[in-house]
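Protein chains in written order, with the working numbering: chain F, 1 to 328; chain G, 1 to 262; chain C, 1 to 344.
By construction, these hints were calculated from the structure, which means they are not laboratory data. Mixed in with the good hints there might be a few duds.
Calculated lysine to any residue pairs in the SDA-like style (CA-CA distance at most 20 angstroms, straight line) [said to hold, decoys possible]:
(1) F/K70 / F/A82
(2) F/K139 / C/L58
(3) F/K139 / C/A63
(4) F/K139 / C/R61
(5) F/K139 / C/G18
(6) F/K139 / C/L197
(7) F/K139 / C/S64
(8) F/K139 / C/T125
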Amino acid sequence: MIVYIARRIFTAVFMLLAIAFVTISLFFGASKDPARAMCGKPCPPETRAKVSAYMQTDQSVVWQYTEFVKGLFVGRTYGEGAQQVHCHAPCFGYSFPNRSDVTTLIAERLPVTLSLALGAAVLCLVVGIGLGALSAIRKGGAVDRFSTGFAMFGLSVPTFLVGLLVVQVFGFMLNALPYSGFVSFSESPTDWAWHLIGPWMVLSFILAAGYIRVTRTQLLNELSADHLVAMTARGASTRQVNRHAVRGVMVPVVAMFALDVTALLGGSVIAERVFSLHGLGDLLLSGVNESDLSIVVGVTLFSAFLIIVGNLIADLLMPLLDPRIRRA
Amino acid sequence: MSEPILEMTDVSKRYRTAGGFGRGRKGFLAVDGVSLHVERGEALGLVGESGSGKSTLARMANGLVVPTSGTVRTDGQDVARLGRRGLRRLRRNVAMVFQDPLASLNPLQTVRQTLENVFRAHGETTSTAELVALLESVGLGADYLGRYPHEASGGQLQRVAVARALALKPDLIIADEPTSALDVSVRAQILNLLADLQRDQGISFLHVSHDLAVIRLYSDRVAVMQRGRIVETGPSDEIFRSPQHPCTRALVEATPEAELPA
Amino acid sequence: MPDPVLQVEDLCVSFTSGGVTADVVRDLSMRLDGGRTLAVVGESGSGKTITGRAIMRLLPRGASARGRIVVAGREMLSADERELRRARGSDVAMVFQDSMSALSPYLDIGAHIAQAVRLHDPSVTRRAARARAVEMLDRVGIPGPADAVRRFPHEFSGGMRQRAVIAMALVNRPALLIADEPTTALDVTVQAQILALLRELQQEYGMAMLLISHDFGVVGSAADDVLVLYAGRQAEYGSLRDIFDHPAHPYTAGLRAATPRLDARLDTGGERTRLRAIPGAPTSLRDAGPGCAFAPRCGLADQVGERCVVEAPLPTVRPTSEGGGLHLAACHLDRLPATQEVAR
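Model the full assembly from the supplied sequences, consistent with the hints where possible.
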């Protein structure tokens, strides 16, 4: 087991380094020099060269990559003398337009994204598994037909449309919910939740579709499985049998959930935009709009990090849920 | 006497176990130094329990499994030395019939398409008359040409699978548990069909089965496998009348008879 | 005469799908006493598995049973959910063909057996139930039972797993055991061991066994009486001797002739013996016409004529050999011709 964990962690670290390399070569190697945006107008070639050197974007991709990885552990220093800025470890890069290191920017935005992601994840899990289980138990019934339609709709409708609809209906027409803004949890938990209900609804609606489908098919498979027939044959009640059937549903749901939660934690660009929330998705978008490549690379790598860690946790959880995956 | 259709000399197959480095690097020895031959026109029965390596051994005959060591000579050619083209030529001469006919036939193709594909794969064309004759040789009517696998019963599908094997007039047919998935009353039909092909067309058979009674009736010679080795070979009448090896004896004794104790 | 452990009268099982109801088993009757084994023999579509499930009221969705089923004095078809739970696993237990899928992959072997104990006697502590599991695993011949209870199904070989399933089925000493193809998935040597174990435990516990099988070999070495099913109906019923030596139904005779045998009687000195195959494929009640379902495959139907096609034969009493009990066959022919030319 320890060997297994060690191997998984080793692979995860290797993956992260590889992703960092690809991201950096893609953005710093292939797009236009971010120094151009910083140098102002007009921008004589000498000034631009100076800015470029200051931002360290004039170096080769390999050099930038090694500096970046080094920065993660020991921090990184740009420029010298009076213009010197230091980016503390773990340094995900420095955003010159914001005059702040990317780590700080991410940390500022994280509470918003965290609130959004966790609430949406819990809601979609409850709705998805609940509807999926009900439709499997009463296959062909009213709930089944409703949730199949619900899932189809959720899978096919784009996020922004659902978002705009929610804002329009609950925000403007019914005046029931606030349609923008964020209140931190420590300030007022009720206001926090109140402001987030809209985006939670939107995100969980989109995500729940997958859980409905997986739960329904998996539970249907389980319910007709021989070992549950055998359990009934031992004298177990329908309730006990159904409860045991849930075990078989957990494995694929956990795998899917780990992916979804980590993707949500990486920021949801569209939902944040629609509800004017300043989370990681919004940060990424501003980075793109202002050609602030440090932010783009930093947020991308942060999301990749979350996804890999999420998967790692899911992989380590699996053997606990299903003994067949356990290693000797 | 002419050369045997199949001759295996000291073949072994080691499978590497999944899970990469460290554990189980030695792998699993499925076939362990086996020598065996099938004469032309002969039916050789290969019996053994699950995991004895009989299927792995049979699949070496047409290069589906590459032996770790040893030589396989099929129809006089060293299988290991055949290139991709050579293997293709070999495989038109060595056909296979599998256990589950439904799984071995493409569910999206009609019987006609399935059969035509065999010819096409070897760059040949065929006529409807030929296909009908082929189906008739396995006891099926022309109306089966338009059917899909789900429109036929297990026994009929296994006949189609035999027809597919016969399409290119092979000299050797490897039949891997060809009747295990069939109903008792249908099993005999297929076994009789295979026996007719051997008698009338002189096709050699390597018949793999776990069922001793089937092998006894439908093989000239028998090879008994246990844990990757052949423990006993001989004419089937002799082997089953007076089994020598303890493994063969155990198998014979364990086989339940549809007979009352006298 | 003591009350039978299992009594089935005029059992019909039907499936409803898309508003259409069709019988898959019709007018089945049987009777089984304690300590005896009744083999139910049939091919695909015969309804043998569904009959076993009907007895435990374990029918899949869309299926329903009519008639009368009495297990150890309990009317199964009219029993409510509570009564059924009490009967299942205690009066009547089941051994399945595929031991891998019959065991939950998420529970260790001990948990399965302990569950069977505690479901019927909640007063037993978890610990005591696990101790019963160890005892039971020891009884069915699993080496190192104290260690084996903690193992998961996938860690066992097929034979050991089937032993565990038997331990689980028998832990509450049921009066009736339904064994549905208990050895089909196993190698012959293991099959012989499992059959021997079942016989031994049957004698020890005095239970009745309903052995569902397609294999006359297994039936011959385990059964006292045999019920041959074809397309959901009873083709023939009789003692093992009557069924094997004096079959009265062309299907029974044909099935026997199509079963390969290893014994010396087939020694023909060089010339190869061939099996006599039954032409065509087995059918189900749903696809059968109004007449005898076997008629299209029967070599003797011509001798009877039209009657076979228009009228389904009812089981009638046939002569029995010495010491044989009831012998029934559902065929319009009173007597099979001496030559066994039953198949076309």
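Now the hints, each set against the structure:
1. F/K70 / F/A82: At roughly 23 angstroms apart (the allowed maximum being 20 angstroms), F/A82 and F/K70 break the hint.
2. F/K139 / C/L58: Between F/K139 and C/L58 the Cα gap is close to 18 angstroms, so the pair holds against 20 angstroms.
3. F/K139 / C/A63: holds (15 angstroms)
4. F/K139 / C/R61: This hinted pair holds, its Cα atoms lying about 10 angstroms apart.
5. F/K139 / C/G18: Holds, at roughly 14 angstroms.
6. F/K139 / C/L197: Not satisfied, since the Cα-Cα distance of roughly 41 angstroms exceeds 20 angstroms.
7. F/K139 / C/S64: Distance of about 18 angstroms is within 20 angstroms: holds.
8. F/K139 / C/T125: violated (37 angstroms)
Consistency note: the structure conflicts with the earlier hints numbered 1, 6, 8.
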